[in-house]
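Student: Please build the complete structure, drawing on both the sequences and the hints.
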Amino acid sequence: MSQSERISATVPAGAGLGLKADHYAQILETKPALGFFEVHAENYMGAGGPPHAYLEAIRARYPISLHGVGLSIGGMQPLNKDHLQRVKQVHDRYQPGLFSEHLAWSSHQPAYYNDLLPLPYTEETFQRVADHIDEVQQVLGRQMLLENPSTYVLFEDSVIEETDFLMRVVDKTGCGLLLDVNNVFVSATNSGRSASEYLASFPVEHVGEIHLGGHAPDEDEQGHPLLIDAHDREVADPVWHLYRAVIDRVGAVPTLIEWDAEVPAWEVLYAEAQRAQAILTQRQKQGASYAQVS
Amino acid sequence: MPRSAEQVLASFSGNLTRSDFLVPTGLVGRDGETSQRRFEVYRNNVLSSLSAALAANFPAIQRLLGEEYFKALAVEFVRQSPPTQPVLSEYGADFPEFVRSFPPLADYPYLGDVASLEWVWLKAYHGAELAVTAAEQLKEVAGERLNEVRFKVHPTASSVISQFPIYEIFKVNRDGAAATPVAGGGQGVLVVRPGMHVVVEQVSPETLFLFEQLKQGVSLGAAAEAGLSQFPGFDLGSCLSSLLQTGALAQVLMADT
Ligand SMILES: [Fe+2]
Chain W
1328 MSQSERISAT
1338 VPAGAGLGLK
1348 ADHYAQILET
1358 KPALGFFEVH
1368 AENYMGAGGP
1378 PHAYLEAIRA
1388 RYPISLHGVG
1398 LSIGGMQPLN
1408 KDHLQRVKQV
1418 HDRYQPGLFS
1428 EHLAWSSHQP
1438 AYYNDLLPLP
1448 YTEETFQRVA
1458 DHIDEVQQVL
1468 GRQMLLENPS
1478 TYVLFEDSVI
1488 EETDFLMRVV
1498 DKTGCGLLLD
1508 VNNVFVSATN
1518 SGRSASEYLA
1528 SFPVEHVGEI
1538 HLGGHAPDED
1548 EQGHPLLIDA
1558 HDREVADPVW
1568 HLYRAVIDRV
1578 GAVPTLIEWD
1588 AEVPAWEVLY
1598 AEAQRAQAIL
1608 TQRQKQGASY
1618 AQVS
Chain U
115 MPRSAEQVLA
125 SFSGNLTRSD
135 FLVPTGLVGR
145 DGETSQRRFE
155 VYRNNVLSSL
165 SAALAANFPA
175 IQRLLGEEYF
185 KALAVEFVRQ
195 SPPTQPVLSE
205 YGADFPEFVR
215 SFPPLADYPY
225 LGDVASLEWV
235 WLKAYHGAEL
245 AVTAAEQLKE
255 VAGERLNEVR
265 FKVHPTASSV
275 ISQFPIYEIF
285 KVNRDGAAAT
295 PVAGGGQGVL
305 VVRPGMHVVV
315 EQVSPETLFL
325 FEQLKQGVSL
335 GAAAEAGLSQ
345 FPGFDLGSCL
355 SSLLQTGALA
365 QVLMADT
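Sequence lines, in order, name chains W and U.
Taking the numbering used here, I'd label the letters of the first sequence as residues 1328 to 1621.
Taking the numbering used here, I'd label the letters of the second sequence as residues 115 to 371.
To be clear, the hints were calculated from the coordinates, so they are not data collected in a lab.
We treat Cβ as the ideally placed atom computed from N, Cα and C, and that holds for glycine.
Check the hints yourself; a few may be wrong.
What the hints assert, rightly or not - Label-pair restraints from in silico Cβ distances:
1. W:Gln1470 - U:Ala336: 55 to 61 Å
2. W:Ser1528 - U:Met310: 33 to 39 Å
3. W:Pro1405 - U:Gln344: 50 to 56 Å
4. W:Pro1544 - U:Gln359: 36 to 42 Å
What the hints assert, rightly or not - Derived SDA-like pairs (lysine to any residue); straight-line CA-CA distance at most 25 Å:
5. W:Lys1612 - W:Ala1598
6. W:Lys1415 - U:Pro269
7. W:Lys1415 - U:Glu243
Tutor: This is the structure we're talking about:
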């Protein structure tokens, strides 16, 4: 299919879902109403094959948000140039409306760990992260969104608040932010802090996308709650509550439901997306009525 | 002297996969105390997600060994050969060899070859596209020039040869084919993805021989001669037609005249 037969790249301020191979056929058959699909760049790096054929067909009908999980932007070693080029190939081929990556690291030479690992927030790591984001934005020729992480530990070495760290990265690089509200709730709970306070100091005006996902409850050896960012279930009520407050504050933003493990039937996923969409739609109506009043 | 972030991350990563790990210093829970449970969340994520990636790439091996055994085997492999880049559909090139030489599996010598077949399948699944036109093109070639024909082999085409019945083992454990009594003896298997589906076919040693010749760019005439010298009664027609049927021979390359 030629690129001119595609729907526009722009991701609307609606709800989206992560694209799963199990759902390719059903999506193409039923063409569900949905703002966008998010795909992990690393799943589309083969030379050819069914994943590309399906993604081409889906991209023709839906805008795509491209989400990288392997660039290791929070690592202290140089970015993997070959991998960045492969991200660029996927990016240029599918022309996503949004591109995002994480404030985390996943590689430490020579190994790739396939997990989003935490970093201390210091002047040194700030410089490195900003340099990495500059490099990504230069190679891709676009703005990227940086996602706040979910964390289970704290570093004694950290001297900068995460929200300040993100704000400074935005100022230095011109990147935008991906606000993962579940990550906020998970990290706040795990560190014994308030998610609402974190959000109050989050630079929400730079948020280009929101993530919502499910977490699994556990506890540490002191008996403190330890929430695991498992993406294996419905979004929890307190996370919906925080989300609604964020949307009230900033207006409608493209919102992704992340469900990556124990992936349920399409209908269950779609219902979660509709729940987010209802909040967005309600906010857009309010926005319109505020505009009429003023 | 304060530690560099490089040192902090090096000590974090150095303890992620080893069994005799230490919780890196400076890593604490909400009370400011070192917490093994919290660090273990990361260790568990790393080992589970990488074993799951291997299970996705080698589902027949997982089915043959059972989930629990496979996980233990995969963790051993991850410790020894972690991925060196983030594309996990390309992780596990060394896994067949690891399985083959894993001492506790010495009584199951076919497992390594089944793993090789799964790896070749994965390569074909994600391999480059190429339109298959060879059979049509061949019809246009004048009879007296058939000997000169060379082929462009499909970029996803590979063969696996084994002294074990790996074709049946693969089919039963991947496609849920009904288990048939497996005759002893070796099998040659050809794998290619000419369209959306990966074709896995059991083929004769003669057919595999012809495939390897043509893959090296040998002309049809020369390949036939080589076949005859190797296999008495070598039947070029039947070997060629089974290669054409699978799509392994993608295109005809005519001699330059
Ligand atoms: Fe997220």
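Student: Hint by hint, note whether the structure agrees.
Tutor: Here is how each hint holds up against the structure:
1. Between Gln1470 (chain W) and Ala336 (chain U) the beta carbon distance is about 58 Å. The supplied range of 55 to 61 Å therefore holds.
2. Ser1528 (chain W) and Met310 (chain U) have their C-beta atoms about 50 Å apart, which leaves the hinted 33 to 39 Å range violated.
3. Evaluation of the 50 to 56 Å hint for Pro1405 (chain W) and Gln344 (chain U) yields a pass: the beta carbon distance comes to about 52 Å.
4. Our hint of 36 to 42 Å for Pro1544 (chain W) and Gln359 (chain U) is violated, since their Cβ atoms are close to 55 Å apart.
5. Note on Lys1612 (chain W) and Ala1598 (chain W): the hinted pairing holds, with a Cα-Cα distance of about 21 Å set against a maximum of 25 Å.
6. Between Lys1415 (chain W) and Pro269 (chain U) the alpha-carbon distance is near 23 Å, which keeps this suggested pair within the 25 Å criterion.
7. Between Lys1415 (chain W) and Glu243 (chain U) the alpha-carbon distance is near 20 Å, which keeps this suggested pair within the 25 Å criterion.
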